[in-house]
Amino acid sequence: MRGLRILVYRLGGLFQRSRRDHELDEEIESNLQLQISDNIAAGMSADDARRQALIKLGGIDQTKEAYREQRGLPLLDSLSQDLSYAARVLRKSPGYTSVAVLTLALGIGANAAIFSIVYGVLLQPLPYKDPGRLVVVNETKKGPGWSGFAMLGVSPPDFHAFRERNRSFEKVAAYSPGSMVVRIGQQSERVDSLQATHELFSVLGREPMLGRSFRADEEIAGNNHVVVISWRLWQKEFAGNGSALGRTLTLDRQMPSTVDTEKYVVIGIMPPSFDFPVDSETDLWMPLTVSSDPNLQGATYLPMIGRLKPGVSTAQAEADLQSIANGQKPYQWMVVLDQLADNVVSKVRPSLWMLFGAVVFVLLIAAANMASLALSRVSARQKEAAVRLALGAGRWRLARALLIESMLLATLASTVGLLIARLGMTAMLSIAPSTLPRLANVHLSLPVLVFTFLAAVVTGLLLGAAPAWRAGRTDLQQAMKEGSPTLTGRQPLQTAMVGFEVVLAVVLLVGAGLMIRTMAKLRSVDLGFDPHHILTAEILLPQGSYSTGTQQLEFFDELLDRICKLPGVVAASGGTKFPMSRGRMEFSLVHYGDDGKARQTLVGGFSSITPNYFRGLGLHVKSGRDFTDADNADATPVGIVNEALVRIMWQDRNPMGQKLPNGFTKQAVTIVGVAPDMHFDGIDKGARPELFVPFAQKPWGFMRLIVRTERDPLALAPSIGAQVRAIDDAQTLDKVRTFDEVLHDSTADRRFYMLLLSIFAALSLVLAAIGVFGVVSYAVTQRTHEIGVRRAFGASDAQIMTMVLRKGLLPAVLGLIVGSVGALALTRVLRNLLFGISSTDPLTFAAVPAALIIAALAACWFPARRAAHVDPMAALRYE
Amino acid sequence: MVEKKDVRQGTLALMILKTLETMGPLHAYGVARRIEQISDGLLEVQYGTIYPALLKLEQEGYAASEWTSSENNRRVRNYKLTRAGRKRIHQEAGEWQKTAAILERFLSLGKQGITRSTT
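From first to last, the protein sequence lines stand for chains A and B. For any residue, its number in our numbering is found by taking its place in the first sequence, counting from 1, and adding 36. For any residue, its number in our numbering is found by taking its place in the second sequence, counting from 1, and adding 90.
In case anyone wonders, no lab produced these hints; they're calculated from the structure. Every residue gets a Cβ at the ideal spot worked out from N, C-alpha and C, and that includes glycine. It is possible that part of the hints are untrue.
[Unchecked claim] Just some of the chain A residues that point at chain B, by a computed CB distance under 8 Å:
(1) Arg41
(2) Arg46
(3) Glu63
(4) Asn67
(5) Gly94
(6) Thr99
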C-alpha cells in the first residue's frame, strides 16, 4: 500500500517541475535566512554569517539534484532529461550524427532485409494446421548408381499398403500435379492443377471456405468429376460469386496421357491463404484415383504426404512404413520420411543462414566502427564529463547518458534502416533465383519489425558499452587540468575494435571471393557448342485435340519445317529437353556383368529428339550415326547414348548394336550412335547417363524448341509464334528465352548469393578502412605535440610516417591473421555453393589479404601525410 | 580528538521523526540544527541532505508539511509528524534498542577475548 502511495506521489512529482523547483528554492532560502539570523545573533558579522551558513548547507546543486531525484521517478525523470540531452548533443554535431546514423542504418537495414527472407522462407510456419506433424514420404534405393535417383514419391501399390496398414499417421494422402486448360465460354486458360486422394484437405487441416472437400467415394472413376477451386480462380472466373458452387467447369486435361475433356462440378472454394503444393499457384484440386495395378510396384512416382499421430516421431513412422514396405513384392523400397517444411526449404536453408550470418557481421562491423568513433568522442568530452560529475551527476548516470545517446542513434538508424530494408528487399526479390521457395511470404511483417527493433537495441548497447564504461571512469582531477591530453595516443580499446572489424571483414571478403571465383569457373565451363544466337521455347499441346502420337508428330514436324524456312533461322530442332532445361523423364535398368549377375542399377535421363538435334546445337555424334528422317515409327527402334552411359554399361566394348531396354519405348532400342556428354541438369552438374530416341519413334504432346539464328534470337520470337498460330491458332509458345538467358538462369542462385556476399564484403571493407582511418587520424591529432617534438629533434618525414602507419597497420595485420584462420573455418558453410574450387582456394586467400592491406594503407595515407607535415613550431606553440 | 561522523544512511529518517515528535512542527533548518545539538557535535549534518530526506518521509506518509509565516513574516515550510510516523518511531526505536543491546554485548565479549590472549 505504501509503495503505491509513493509511486503516486512520485508520478505527481514529474509534473509542474518549475513550481516545485521554485518551492524548494524558497524553502532553502528561508532556512538559510533563519540560520544567518542565528549566526548573527551568535555574534558573527553579516558576511561571515552568510558564508558559514552556506558552508553548512553544503553543495546547493548537489542538494537540488538529490531532491529532484527523490521527488520524481528518478529513472523516468532523468531518462527524459538524458534523452533530450542526447538529442541536443547529436544535433550539435550533425556530421558525426549523420555518418553514424547512415552507417548503422545500412547495417540494420541490410539485416532487416535478409531477416525478412530468412523469416518468410525458413521460420514462418507453413499455412497448414500444426505443420510440424506433416511429413512427405518417398521411396528410393541405396547403393552405387542410385545416387542420381530423383525422389518423386512412392509406388501406387505401396501407397495402398501404407494407407491401409500404417499405425503412425492420422491420415495419409497421395497427389499428382499437372495442368489443365479451363474453358469458360470462348476463353481458355491454362492453370496448374492437382489431383489428390480425398484425404488431402484433412491431412493439411484446411477446409474450403465455401462448399466442401472430397468424399471418399469421389475417388472412384465416374464419381470423380468434382473440383475444388482456388480463391484466385473464383475471383477471376466467377467474380467471387457464391453461386459458383454447383456450376460446371470444362477442363481439358493435359497430363497424364489420357484423353479427358470433361465437365467438372465446383464443390468447394479454398480461402485465399491456401496453397498446395507449397509455393505453387495451383487453382484446381480434383480427386485422384490411385491405380491398383500391381505391376506399378517398381514405379515410385506418386507424391505422398501424411499427418503424424500426436507424439509419433518421424523416425518411428519411418520404421513403421519400412516394415510394411519390406513385405511388398517384387521390390522392397527404402522409405524416407521428411518433414514437409524441411522438404520445402532444406536445400536453401544453409545458404540463407550463411547470408544472415554475413549480414550480422556487417552490422557488428558498423557497430564496432561507431563505437570506436564514440570512444574518441568521449575522450574529447572528458572535461564535459568532469564538469557534470562535479555538479552532482553520478558516474552511473554519466555512463547511462552515453548509453542513451547511442540508443537514440540506433533508434534513428533503425528508422532509416527500415527504409533501406524496404528498398533492399524489393531489389533482392527482383534478382532472387527461382530456386528460392516461399518468396511470396517475404515482406516487412511484424516479426521482421520486432527483429529490427531488437537489432537496434542490441546495436545501441554494443555501441554505447565501451564509451559508457570509459566515461564512468573519468578521473575528475586529471580531466579538469587545463588543456591536458593525458592520453599518450595509445587507445588499446579502439585498436582492438578495429582489429575485430578487420577479422569480420576478412571472413566476408573470403566468402565473396570464393563466390566470385565460382562464378568465373561456371562461366568458363565448355558447353561444347556456341550458346549465343539460340532461341528456346516450349509448346504443350492439349491432350484433347492432340491425343495420338501421330497427331503430335504431325504438328511438330510441320512447325519445325515452317520455322526452318523463316529468314534468319540457321537451324531448328526440338526435343523433350535441352541442355540446362532439366527433365523429369528417367529410366532405370539393372546392369548385368559378364557373369550374368546384376552389378549395379543405372539411372539415366531419357529424351526424345528430332533428327538434327545435335547438329542444330553445333554438336556431332562421337561415333556411330545421328538420327535421320528414316528413323520413323515404322523403322527399327534406335537410340543414341551419351559417353557417360557407355562408360558405365560397356566400358571399352563397342556399344553399337547393343539393345537397351527402358521404361519408355515398347521394345528395347538398338544403339546406333554415341553423343558427347552435355549438361542437362545444370552447368555445375556433371553428365549423367543419357538415352536419346527419335521423336518420331516416341512422340509426346510436348516439345522444347531449339532455334539457331543469325542475329538477335528474340527478334525472331514473334514470327515463330505466328507460325505456331498458323498451324493451330489455339496453341501458343511458352517460356520463350534465349539460350544466354537459360545459362544465366541456371546460375541464378549462385549469382544471387555472390552478389549479396560481394555487397556485404565491399561494405565491410569500406567500414573497416574507415575504422583504421578513424583510429590513425585520432592518434595523429592527439600526438601532434609529440610529433612536433620529434620533428624538432630531427625525425625525418619517413620516420614520422612509419610511426603513423604502424599505428594503422597493427590492427589490420593482426585482424588479417585471425580473420584468415576464421575464414578457413567458416567458409566451409559455402561448400555446397562452390564450383570448381575448394573452400581453401589459394588465389582467394592470397587476394583478400592484398586487398585488405591496400585498403588499410590507403586509410592510413592521409593521416600519415598530415603527421609528416606537422610544423614543429606550430605544434609546440599550440601547447 | 573525536572524529565527526556523517549521518549513517537510514538512521537519519528515524532522527528526523524523533525530532519532530519531541519538538512539534518544525522547519528543515530547525530539524538539522536539533539533530546536531542532540548528538553533541559528534554528527556532522550537511543541512542540504535534510531536504531530500524530509521529502522522502512526506512521500511515505510519515510526515506532512505546510507553509506558514514565521515571526518576521517570512514564508517557512514546516514539517510535522503524522500518525503513521508516530507508529514508525515506536517500531524502529524498539528495534534499534534491541540491536544496540545485542551489539553492545557482542563487542564487550570481544574485548575480553583480546585481553586474555595478550596475558
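Problem - Restraint check, 8 Å cut-off on beta carbons, for Asn67 (chain A) near chain B - result: Cβ of Asn67 (chain A) sits 4 Å from chain B, so the hint holds.
Problem - Hint status (Cβ of Gly94 (chain A) to nearest Cβ of chain B, threshold 8 Å) - result: holds (4 Å)
Problem - Closest C-beta approach of Thr99 (chain A) to chain B relative to 8 Å, hint status - result: For Thr99 (chain A), the interface hint holds, since the closest Cβ of chain B sits about 3 Å away, which is under 8 Å.
Exercise for the section: With a cut-off of 8 Å on the beta carbons, see whether Glu63 (chain A) makes it to chain B. Expected result: This interface hint holds because 5 Å falls under the 8 Å limit.
Problem - Satisfaction of the Arg41 (chain A) interface hint, Cβ to chain B closer than 8 Å - result: Because about 6 Å separates Arg41 (chain A) from the closest Cβ in chain B, which is inside the 8 Å limit, the hint holds.
Problem - Supplied contact hint for Arg46 (chain A), tested at 8 Å Cβ to chain B - result: Since chain B brings a Cβ to about 7 Å from Arg46 (chain A), closer than 8 Å, the hint holds.
Figure legend: structure checked against the earlier numbered hints; every hint is met.
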